[in-house]
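Q: Spelled out from the first residue to the last, the chains are:
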Amino acid sequence: MNWIAIGTLSDIPRRGARCVDTPEGKIAVFRTADDQVYAIDDHCPHKGGPLSQGIVHGTAVTCPLHNWVISLETGKALGADDGAVRTIPVRIEGELLFIALEALASRAA
Amino acid sequence: MTEKLVIIGNGMAPGRMLEHLFEQAPGRYQVTIFNAEPRVNYDRIMLSPVLSGEKAFEEIIIHGDGWYIANGITLYKGHRIVAIDRTAKTVTSDHGVTEPYDKLVIATGSVPFIIPVPGHDLPGVLTYRDLDDVQAMLLAAQSRAKAVVIGGGLLGLEAAAGLNAQGMDVTVLHVMPTLMERQLDPAAGYLLQRAVEQRGIKVITKANTQAITGVGKVEQVELADGTVIPATLVVMAVGIRPNSALAKQAGIAVNRGIVVDAGMRSNDPDIYALGECAEVNGMVYGLVAPLYEMARVAAHQLAGNEAAAFVHMDTPTKLKVTGIDLFSLGDFAEGEDRQEIVLRDAAAGVYKRLVLKDDRIIGTVLYGETGDGAWFNDLKKKQTDISEMRDTLIFGQSYQGGAPLDPMAAVAALPDDAEVCGCNGVCKGKITGAITGKGLTSLDDVRAHTKASASCGSCTGLVEKLMVLTIGDKYNPAAVQPMCGCTTHGHDEVRRLIMAKSLKTIPAVMQELEWTTSCGCAKCRPALNYYLVCDWPNEYADDYQSRFVNERVHANIQKDGTYSVVPRMWGGVTNAAELRAIADVVDKFEIPMVKVTGGQRIDMLGIRKQDLPAVWADLGQAGFVSGHAYAKGLRTVKTCVGSDWCRFGTQDSTGLGIRIEKFMWGSWTPAKVKMAVSGCPRNCAEATCKDVGVICVDSGYEIHFAGAAGLDIKGTEVLGLVKSEDEALEHIVALTQMYREQGRYLERIYKWAKRIGIPEIKRQIMDDAGKRKAYYERFVFSQKFAQVDPWSERVSGKDKHEFQPMASVGFAEAAE
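Quick note, the sequences are listed as chains A and B, same order. Residue 85 is where the first sequence starts when you use this note's numbering, and the numbers rise one by one after that. Residue 116 is where the second sequence starts when you use this note's numbering, and the numbers rise one by one after that.
Derived from the structure by calculation, the hints contain no laboratory data. Treat the numbers as computed from the prediction; the structure is a model and nothing was measured. Beta carbons are placed, not taken as given, at the ideal position from N, Cα and C, and that holds for glycine. Mixed in with the good hints, there may be bad ones.
[To be verified] A short, non-exhaustive set of chain B residues, derived as facing chain A with CB atoms under 8 Å:
hint	residue
1	P301
2	G450
3	E451
4	T632
5	H916
[Claimed, not checked] Calculated cross-link-like contacts (lysine-lysine; reagent style DSSO-like; alpha-carbon spacing at most 30 Å):
hint	chain 1	residue 1	chain 2	residue 2
6	B	K566	B	K589
7	B	K192	B	K204
8	B	K787	B	K915
9	A	K131	B	K787
10	B	K777	B	K866
11	B	K619	B	K433
12	A	K160	B	K472
13	A	K131	B	K915
14	B	K638	B	K866
15	B	K566	B	K869
16	B	K638	A	K110
17	B	K777	B	K888
18	B	K674	A	K110
19	B	K674	A	K160
20	B	K877	B	K829
21	B	K638	A	K131
22	A	K110	B	K703
23	B	K915	A	K110
24	A	K131	B	K674
25	B	K869	B	K616
26	B	K787	B	K838
27	B	K710	A	K131
28	B	K899	B	K888
29	B	K619	B	K899
30	B	K553	B	K580
31	B	K710	B	K674
32	B	K915	B	K777
33	B	K710	A	K110
34	B	K913	B	K787
35	B	K913	A	K110
36	A	K160	B	K638
37	B	K616	B	K787
38	B	K638	B	K913
39	B	K433	B	K321
40	B	K787	B	K829
Pulled out of the complex, with its shape left as it was, chain A reads as follows (with noise of 0.2 Å):
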């Protein structure tokens, strides 16, 4: 895994979200209420929407577009819609954060 150092968790606010740009297109870091951390593309399944945007309860977050809801931990769609986005495995160590960007490692090889 290549982890990139993205910043510290108290950069996002709780049941918030801070994106990360990268070539591939901007990546959403979520922190829950229980300062737990995730990432996933900046992308609803839906059309598009920045789920960065969204209004973030429990480990899900709600698009601001159409009000799709995403679950952080699965990228997946919850209740009747169907899609999902990637997620980025994300690594906490103390206040730092990390994320692993693959595609991005071997590109850079």
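Starting from the known structure of chain A, fit chain B onto it as the hints suggest.
A: Coordinates of chain B only, in the frame set by chain A:
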């Protein structure tokens, strides 16, 4: 021949180790202890009761002087070891005593973490670690003056409770939003804060200590937000770190703590470490159970049993403050592969949450009633499959084993004199008697006749069960649509209870109204946030994370994730300078689309999120403020040119429109509010399809409301005719406030009016001058806190995180 065992530190862990060792290998070691504290081994956990005065020091001693003598131990009190010579195998104390060892045990414990703010070294700043600290606090407490405790964790709260019990005026500062966030979820944290505050201890969360100041001694604590708290005593209880400096200096492997294997042995085979200074498998520990386990393992090892090994265990947390019962264990984070069982009893202040994975308990938070903590801990430890008892698991051990409990049967079994409604003192027999005697069939009937469930409403469920029991199918439960899947309450019920119970935070609402999820959903959170903003304008701290993105970033999100920006144009009036400023912004930021809106202003579309603050900065230079085109709040007041220009105009409709907009901008409402003022009945401003409209006539101002021109089309209703502009403003403001207080979230005025009834609204606003005045005053009060331009706030740096990516990664690699 006896071997020489030297122990550095005389805390609870080495004390326990020696007990085990003397039992297993009596006479094998000649023991020498160096204790930096000038006293025998005592129960450090019980310092809080000593501080609060519930216990004396003598009562918490574990090993008195006699024990040391009986076991032939040499105890050097007040000797701090300053050097370990691993080649010569000796230790040397600060008083010059050098002692040889065959085996050495390092048990130096931990040191409190000191926040390095200016003034942290002033006299009067203490930590909370040992008896000396407690004695210093007791001395300070004699003055009965003000104390500040920095840190709202376990230790900080115990210190605060102790100082409070000693008569001090105590404020707890905690940097996180809820107390004890490492052990408690926000719901339990809320209950804890309430209980702490009920003892007269002030709690400030999200408090960032900036400095401790005073001349020669502590006088006050200053927070980053400018708050200043007077204090003669400051206790820092923000955490501890392993005290491993001595070991490190001796060249022993140290990471966070002294690195030991599962047999508590360091990388020097003759040196062991245990207690808070030791690190096993990457973990350091601070609670007594694992420390005692370390002591057991170390004793076995010293006695020659090399198989003894330390295994990680989760330890429950309990707060030692009399009258506050909380229990926390294991992992209570949410997760998709996990399920939670939540039980809330608002009246009793009870919150219980079990986190399950694969039908096994992995975490528990209990507040208010912790009797079953041990049982849950046991189930977790044994990984018991709980699927059989799942339905009643949360009720605890005493509900297991018998027949499953039927809630109906439980209600049926209540005796007639059992009190059902605590607020009004109504017992079961009175309710069932009224139902049969008077032929009542609805909850409202029962409320009217018996007063049961008519006050706080928390017994509503019970009353409903009684109705089903008494009249069966004839009971027709009021078809109240719950707010969302997180609650059984409808919007009106929630609004009523927020006022009735003085609920002032989202966690408070969720606890007191027995929400079934721990943090709500995207439906209920924005609604609750609005209700609290509306009901407690000067007290509630707006929760931005519970707002839809548009209201969080103060612009309208578009389908491609860009935003549109609409500055306010008061009454739809603009001028050359404003238009020039807009044109410059459009050029500078290459804004792809500029559009005139239906509300007489200009919309700039396609702005990238990170450009928003800069766009607002430029617009702000020209005098523009946010148009709130994104808000569930006052949007536009559309006007015609009125008597200033129009040959038919009867009044200054433009002037009145501007006046209304300037008076009411910034206010949050259940749904968007659009207004218009037309200067004559020709109605060029289309006021008769607005939420609120004014038609000017010769004799005054005709106020309209409850129009719609969206999903539904509906002409307005006439509220009434008033003579002056001042009266028009007062009536419109009062009407809006009535809607703000009664509307359901996302319910437009026309739907609210249909529900409440037009005559009722006319009666309260037109006929009842007292009511109207009161509505008006409440609106004016809330505007004091609402009329802040959100754009200029963000230009000055507020919520910076919303607009900047957290990081940019991978680009360098990609370029190579």
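Q: Work down the list of hints and note, for each, if the structure agrees.
A: Tested hints:
1. About 6 Å separates the beta-carbon of P301 of chain B from the nearest beta-carbon of chain A, less than 8 Å, and the hint is met.
2. Satisfaction of the interface hint for G450 of chain B is found here, the shortest Cβ-Cβ separation to chain A being roughly 6 Å, below the 8 Å cut-off.
3. With a cut of 8 Å, the hint placing E451 of chain B at the interface with chain A holds, because the nearest CB-to-CB distance is about 4 Å.
4. Taking 8 Å as the C-beta cut-off, the interface hint given for T632 of chain B holds, the closest approach to chain A being about 7 Å.
5. Of the supplied interface hints, the one on H916 of chain B holds, with its beta-carbon coming within about 6 Å of a beta-carbon of chain A, less than 8 Å.
6. Only pairs whose Cα atoms come within 30 Å are accepted, and K566 of chain B paired with K589 of chain B is accepted, the gap being roughly 21 Å.
7. Of the pairs offered as hints, the one joining K192 of chain B and K204 of chain B holds, with about 21 Å between alpha carbons and a cut-off of 30 Å not exceeded.
8. Of the pairs offered as hints, the one joining K787 of chain B and K915 of chain B holds, with about 26 Å between alpha carbons and a cut-off of 30 Å not exceeded.
9. Between K131 of chain A and K787 of chain B, the direct Cα distance comes to roughly 26 Å. Compliance with the 30 Å bound is thereby established for this hinted pair.
10. Restraint check: the Cα-Cα separation between K777 of chain B and K866 of chain B comes to about 26 Å, which is no more than 30 Å; the hinted pair holds.
11. Only pairs whose Cα atoms come within 30 Å are accepted, and K619 of chain B paired with K433 of chain B is accepted, the gap being roughly 27 Å.
12. For a cut-off of 30 Å, the pair hint linking K160 of chain A to K472 of chain B stands: about 20 Å separates their Cα positions.
13. Note on K131 of chain A and K915 of chain B: the hinted pairing holds, with a Cα-Cα distance of about 27 Å set against a maximum of 30 Å.
14. Between K638 of chain B and K866 of chain B the CA atoms are separated by roughly 19 Å; this keeps the pair inside 30 Å, and the hint holds.
15. The hinted pair formed by K566 of chain B and K869 of chain B meets the criterion: a straight-line CA distance of about 28 Å does not exceed 30 Å.
16. With a CA separation close to 26 Å, the supplied pair K638 of chain B and K110 of chain A stays within the 30 Å bound.
17. Of the pairs offered as hints, the one joining K777 of chain B and K888 of chain B holds, with about 19 Å between alpha carbons and a cut-off of 30 Å not exceeded.
18. For the hint linking K674 of chain B to K110 of chain A, the alpha-carbon distance of about 16 Å falls within 30 Å, and the restraint holds.
19. Annotation: proposed proximity of K674 of chain B to K160 of chain A holds, straight-line Cα distance about 21 Å (limit 30 Å).
20. Our distance criterion of 30 Å between C-alpha atoms is met by K877 of chain B and K829 of chain B, whose separation comes to about 18 Å.
21. Proposed proximity of K638 of chain B and K131 of chain A is supported: the alpha carbons are some 21 Å apart, at most 30 Å.
22. The straight-line distance between the Cα atoms of K110 of chain A and K703 of chain B is roughly 25 Å, inside the 30 Å bound, and the hint therefore holds.
23. With a CA separation close to 18 Å, the supplied pair K915 of chain B and K110 of chain A stays within the 30 Å bound.
24. Distance check on the hinted pair: K131 of chain A and K674 of chain B sit about 8 Å apart at the alpha-carbon level, within 30 Å; holds.
25. With a C-alpha separation of about 28 Å, the suggested pairing of K869 of chain B with K616 of chain B holds against the 30 Å cut-off.
26. Taking the CA atoms of K787 of chain B and K838 of chain B, the gap is about 28 Å. The hint holds against a cut of 30 Å.
27. Restraint check: the Cα-Cα separation between K710 of chain B and K131 of chain A comes to about 24 Å, which is no more than 30 Å; the hinted pair holds.
28. Taken as a hint, the K899 of chain B and K888 of chain B pair is honoured in the structure, with Cα atoms around 17 Å apart against an allowance of 30 Å.
29. Of the pairs offered as hints, the one joining K619 of chain B and K899 of chain B holds, with about 18 Å between alpha carbons and a cut-off of 30 Å not exceeded.
30. In summary, the hint linking K553 of chain B to K580 of chain B is supported, as the alpha carbons are separated by about 18 Å, within the 30 Å threshold.
31. At most 30 Å may separate the alpha-carbon atoms for a hinted pair to count; K710 of chain B and K674 of chain B meet this at roughly 16 Å.
32. Between the alpha carbons of K915 of chain B and K777 of chain B the distance comes to roughly 28 Å, so the proposed pair stays at or under 30 Å and holds.
33. A distance of roughly 29 Å separates the Cα atoms of K710 of chain B and K110 of chain A; the hinted pair therefore holds under the 30 Å criterion.
34. In summary, the hint linking K913 of chain B to K787 of chain B is supported, as the alpha carbons are separated by about 24 Å, within the 30 Å threshold.
35. This hinted pair checks out: K913 of chain B and K110 of chain A have alpha carbons roughly 23 Å apart, not beyond 30 Å.
36. Only pairs whose Cα atoms come within 30 Å are accepted, and K160 of chain A paired with K638 of chain B is accepted, the gap being roughly 20 Å.
37. With a CA separation close to 28 Å, the supplied pair K616 of chain B and K787 of chain B stays within the 30 Å bound.
38. About 26 Å separates the Cα atoms of K638 of chain B and K913 of chain B, which keeps this hinted pair within 30 Å; it holds.
39. Annotation: proposed proximity of K433 of chain B to K321 of chain B holds, straight-line Cα distance about 23 Å (limit 30 Å).
40. Proximity of K787 of chain B to K829 of chain B is assessed by CA-CA distance (about 16 Å); at most 30 Å being required, the pair is judged to hold.
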